[in-house]
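> Read off the chains here:
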Amino acid sequence: TPSAERHEAAPAFRKGFSKKVVLNCCLVRRILTWASPKPQDSVEDELELSAVRHRPEGLGQLEAQTRFSRKELQILYRGFKNECPSGIVNEETFKDIYAQFFPQGDASTYAHFLFNAFDTDHNGSVSFEDFVMGLSILLRGTIQEKLKWAFNLYDINKDGYITKEEMLDIMKAIYDMMGKCTYPVLKEETPRQHVEVFFQKMDKNKDGVVTIDEFIDCCQNDENIMRSMHLFENVL
Amino acid sequence: MATGVAAWLPFARAAAIGWMPVASCPMPVAPRDHRRRQDELIILNVSGRRFQTWRTTLDRYPDTLLGSSEKDFFYNEETKEYFFDRDPDAFRSILNFYRTGKLHFPRHECISAYDEELTFFGIIPEIIGDCCYEEYKDRKRENLERLQDDQEENKDVKLPHMNFRQTMWRAFENPHTSTMALVFYYVTGFFIAISVITNVVETVPCGSTPTQKDMPCGERYTVAFFCMDTACVMIFTVEYLLRLFAAPSRYRFMRSVMSIIDVVAILPYYIGLVMTDNEDVSGAFVTLRVFRVFRIFKFSRHSQGLRILGYTLKSCASELGFLLFSLTMAIIIFATVMFYAEKGSSSSKFTSIPASFWYTIVTMTTLGYGDMVPKTIAGKIFGSICSLSGVLVIALPVPVIVSNFSRIYHQNQRADKRRAQKGTNTGEQKLPKSACLLESQHHHLLHCLEKTTAHEFVDEQLYEQNYVEAVMQSFPAARRESVSSRDTATPTCCGRRSKRNTTLPIAALQPGVNQQGPLQELSAIHIQCADRPSRSTSRSKLNLKADDVGRLNCKGGRITTAIVSLPSPPALTTPDSDNLRGPPTRRPPLPSPGPSIQTTTSSANVVKVSAL
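These protein sequences, in sequence, are chains A and B. Residue numbers are given in the numbering used here: position 70 of the first sequence equals residue 70, and the series is strictly consecutive. Residue numbers are given in the numbering used here: position 470 of the second sequence equals residue 470, and the series is strictly consecutive.
A few of these clues could be false.
[Claimed, not checked] Label pairs and their computed distance ranges (CB to CB):
id, chain 1, residue 1, chain 2, residue 2, range
1, A, 54, B, 56, 19 to 27 angstroms
2, A, 85, B, 75, 32 to 40 angstroms
3, A, 224, B, 41, 30 to 38 angstroms
4, A, 81, B, 79, 37 to 45 angstroms
Everything labelled a hint here was simulated from the structure, so no lab data went into it. Bear in mind the structure is a predicted one, so any value in this text is a computation, not a measurement. Note that the Cβ used here is the ideal one computed from N, Cα and C, for glycine as well.
For reference, chain A alone in the conformation it holds in the complex:
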């Protein structure tokens, strides 16, 4: 029937038309992409990172792996998720967070070292598991574990030895957090002096590096350090 034919012809026309439109659009788009410069890779990476939604392991698993109770883990996760809805913390956020606590100085260097200490699998981001495992050691761990964590923090390249340069970097980072307006005056050589004092105390065999055993031994013999290790035990 002519009407049916017309009906058939019409969609065919429309399809052909739409195909042409699509082709034209593709052509136009190609021209545009050729004309416009390519976006930077970092922008795409950023987009990818922000699109990632990380979900932590199950509550039971985390409860087994850490020394927190179920309720504590729940409270921790609620706070964590509230602040980082994507489920992961990257270094920039870390630095921002830390800067809020130490507004007078520059906390970014120390935050960087701290980030590396928390990011145990070194994938550039701290997930909730990393976060909670780190907290578990710091708040509920034995003295040995805490000291080992501190050693890991100071050992920037994770080679098992703390050299004077590494310690100096850490010390400078800590002093940077103090900022400028301090009493007494912060001088250039203060961190270096502090490192000297530290090495005098810790480096028993005077070989210029501090190993983990020297570190732990020395700390366990120091009353002040021992006492201060228990300081934050009831933080949560």
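Keeping the supplied structure of chain A fixed, place chain B upon it in accordance with the hints.
Here is chain B on its own, set in the frame of chain A:
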């Protein structure tokens, strides 16, 4: 944000374990957390819709209804829930405020209903987040204006006791108030029209008389036109004088645009009266008559549209100016090109560059009179380029400007509103109830850092104050003092300074620093004066009370801090006020660069400060 700081504080404190092995001094005692309440869910029943949240969420803002004990008045014993007989839709945003710390204004909400809800729940509208604040203020102002308009209309009916002058002014401004005003309005409008038509008809050739050739009507019927003109001017003068008399502020009235137009419209007549039969100035007199055409602008009192047009032109002035400027550029360029292109040809009309301006303008606006045409080939080529570019230069911005009219108009309005709002946008944010503990924990953390590095934080303000004082004071050159102070300048981290010490034990820089050169940045002088300005949240004050870290001046757990949005956040205000403000302080405030100074000697009381 307050919630942010609260969430990350345990982590920051735990991470402080990393400082312990390198600390020079023993750490201070941690503040005790006396309140260990089990978190519980509470149910808020708002007109049947049940909202549930943690108790601690509501406790964040203890100065509101939900955060304080006021909600106990709404507690329903049987159902163990809090019942509010209010709008559940509006309650959503209010509860979200507790959860996220940001108050949003939903756009579909009626402004007065929303305001009522906020007042009921004890939340001040000033803490509406930046994303919604503008909208809120706009709507509020619209509503207020509408209310005012309504009131004014009612007022017009209800005010019998205005004196004659005020009545007259009101009659002039709003012709609908009384019949007299309406009559006056129409009469003046009629005479403006008559005057304009007279001016126009005056110049029309009226047909020839046997005595003379074609002459304009004005010269033929001089007397008639003169009478008409006089009548109109009399009316206008009377009107102007009446307005001047009735105006509430005569000076302001005289400065207004409309009155200037009035004056310009009637002045030529009087000048003409004064200066009759003087051949020298008759030329000028003729020119003055041109100004009579300004009477047509008197219509803008009668037309709202004209007024709006005038205003939008004024606000679009920059766009128009830019259009004019780009046109001028193009005209000059093309005129130059055409002049030099046509220079060679004989009998060229392009005698000079300014002469070519006319050609360029006529061509670019696509008028093309044809009185000047290029003859050389180069001239023709450039002429065509000129006309093409003319189309572009003119045709493109014009629709943009047209569409900019409304946009710029509204935008200007909004920009002014925003500027006015910014000046008054100081929000008082209430600290959460747990801020007391939060504050003490944060201070303890900072204290631990101080102990680690064996240095102390000092307020920049205090430092600057002391710097100024120190500069003002004179100094004996007591070198011995500096030596002794050098000995005592080694960080005695654990030394306690008595707060009631009126003499000033100061440690200053050794003179040796001078040789270090500009590498040494700011040297902070911590001077304890007897009359130290009491800033209750000052960090250095906390240094004094090193023994009672646990005790803070939180009376009853309610601290209200007025936080002003500072133009440039000083780096060394208290960490709390920076942390507990809203989004603007999310980025870490940079330490403000102080002047690079160096101190030399020190005495017991004074410090000499010399600028580098």
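> Compare the structure with each hint and give your call.
Against the structure, the hints:
no., hint, in the structure
1, A:54 x B:56: 19 to 27 angstroms, "26 angstroms, holds"
2, A:85 x B:75: 32 to 40 angstroms, "34 angstroms, holds"
3, A:224 x B:41: 30 to 38 angstroms, "44 angstroms, violated"
4, A:81 x B:79: 37 to 45 angstroms, "31 angstroms, violated"
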